[in-house]
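Given the coordinates of chain B, work out where chain X should sit on it, guided by the hints.
Heads up: the protein sequence lines correspond to chains B and X, in order. Residue 95 is where the first sequence starts when you use the numbering used here, and the numbers rise one by one after that. Residue 24 is where the second sequence starts when you use the numbering used here, and the numbers rise one by one after that.
Do not rely on the hints blindly, as some may be mistaken.
Claimed, not checked - Calculated pairs, BS3-like style, for lysine-lysine (alpha carbon to alpha carbon, straight line, at most 27 Å):
no.: 1; chain 1: X; residue 1: 80; chain 2: B; residue 2: 202
no.: 2; chain 1: X; residue 1: 31; chain 2: X; residue 2: 63
no.: 3; chain 1: X; residue 1: 72; chain 2: B; residue 2: 134
no.: 4; chain 1: B; residue 1: 130; chain 2: B; residue 2: 143
no.: 5; chain 1: X; residue 1: 45; chain 2: X; residue 2: 31
no.: 6; chain 1: X; residue 1: 58; chain 2: B; residue 2: 202
no.: 7; chain 1: B; residue 1: 145; chain 2: B; residue 2: 134
no.: 8; chain 1: X; residue 1: 27; chain 2: X; residue 2: 80
no.: 9; chain 1: B; residue 1: 145; chain 2: B; residue 2: 130
no.: 10; chain 1: X; residue 1: 45; chain 2: B; residue 2: 233
no.: 11; chain 1: B; residue 1: 202; chain 2: X; residue 2: 130
no.: 12; chain 1: B; residue 1: 139; chain 2: X; residue 2: 80
no.: 13; chain 1: X; residue 1: 58; chain 2: B; residue 2: 236
no.: 14; chain 1: B; residue 1: 233; chain 2: X; residue 2: 130
no.: 15; chain 1: B; residue 1: 236; chain 2: B; residue 2: 130
Bear in mind the hints are in silico, worked out from the structure with no lab data behind them. The model shown is predicted, which means the values in this text are computed figures rather than measured ones.
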Amino acid sequence: MKAINRRQAFALGGGFVMLTLMPMAADAEVSNDAAKWIEKFTGGKQPAKGKISLDLPEIAENGNTVPLSINIESPMTAESHVTDVLIIADGNPNAGVATLSFTPLSGKAEASIRIRLATTQNVVAVAKMSDGSLFTEQKTVKVTIGGCGG
Amino acid sequence: MADKPRIKLPKEAAKGEVIQIKTLVSHVMESGQRKDAQGKAIPRKIINKFACEFNGKPVFSCALEPAISANPYVQFDARVDEAGTFKFSWTDDDGTVITAEEKIALKA
Numbered sequence: 095m096k097a098i099n100r101r102q103a104f105a106l107g108g109g110f111v112m113l114t115l116m117p118m119a120a121d122a123e124v125s126n127d128a129a130k131w132i133e134k135f136t137g138g139k140q141p142a143k144g145k146i147s148l149d150l151p152e153i154a155e156n157g158n159t160v161p162l163s164i165n166i167e168s169p170m171t172a173e174s175h176v177t178d179v180l181i182i183a184d185g186n187p188n189a190g191v192a193t194l195s196f197t198p199l200s201g202k203a204e205a206s207i208r209i210r211l212a213t214t215q216n217v218v219a220v221a222k223m224s225d226g227s228l229f230t231e232q233k234t235v236k237v238t239i240g241g242c243g244g
Numbered sequence: 024m025a026d027k028p029r030i031k032l033p034k035e036a037a038k039g040e041v042i043q044i045k046t047l048v049s050h051v052m053e054s055g056q057r058k059d060a061q062g063k064a065i066p067r068k069i070i071n072k073f074a075c076e077f078n079g080k081p082v083f084s085c086a087l088e089p090a091i092s093a094n095p096y097v098q099f100d101a102r103v104d105e106a107g108t109f110k111f112s113w114t115d116d117d118g119t120v121i122t123a124e125e126k127i128a129l130k131a
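Just chain B, with the same shape it has in the complex:
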């Protein structure tokens, strides 16, 4: 093997740091009834990606109150608006978090709540539009102290 020079050694070191900093596999094992919740909400239809911006902290120090903001792109008129949004936490003892219902009077499809997360997990939002189309978005939140008692 050819001896590596100084420059290459630095490049290698950098690459190694990048690898270790990469988040661990984001798809945690789904251990609760999350799939059932989503299926009930969507009626088995596959939601598309996009339209939703889900704002959650990357790392939540305290799982008892994790701020969650959601904003969905929509004109919010009588003809075209967001009707319902399902929020799911796939690592909690019960997957359901909240179902938000909007009307054209909401003006904006935007809401903030504070949620409990038991452990590091994915938070999934599924939005239903007035024309029946579905959109989804998910975020992984790392939780330092769980928020479900115990």
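Then chain X, alone, in the frame of chain B:
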């Protein structure tokens, strides 16, 4: 039982303006997952529904699960087309309903 809910919204708005409403109500939101000192499960007691209507028309509502933090905070928007009254209601598992009202005027 509970303290008066705290609601924050502007006193007046221009016609058609979208305003932001912030609400907070004091409630333990007992998840039903916790155990007491004897190891018995503490029964679930949460606010399971929040709704807001304006002059009798629904604006925003949400069904809440045990995964909502204690003292549930809900922030949402509303479009104001006329002067009127916002009515807020929080429904407890035991059937109690906490209600509140806020008036809004149109900017001259």
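inquiry  = If you test the structure against every hint from before, which numbers come out violated?
reply    = 2, 6, 12 and 14
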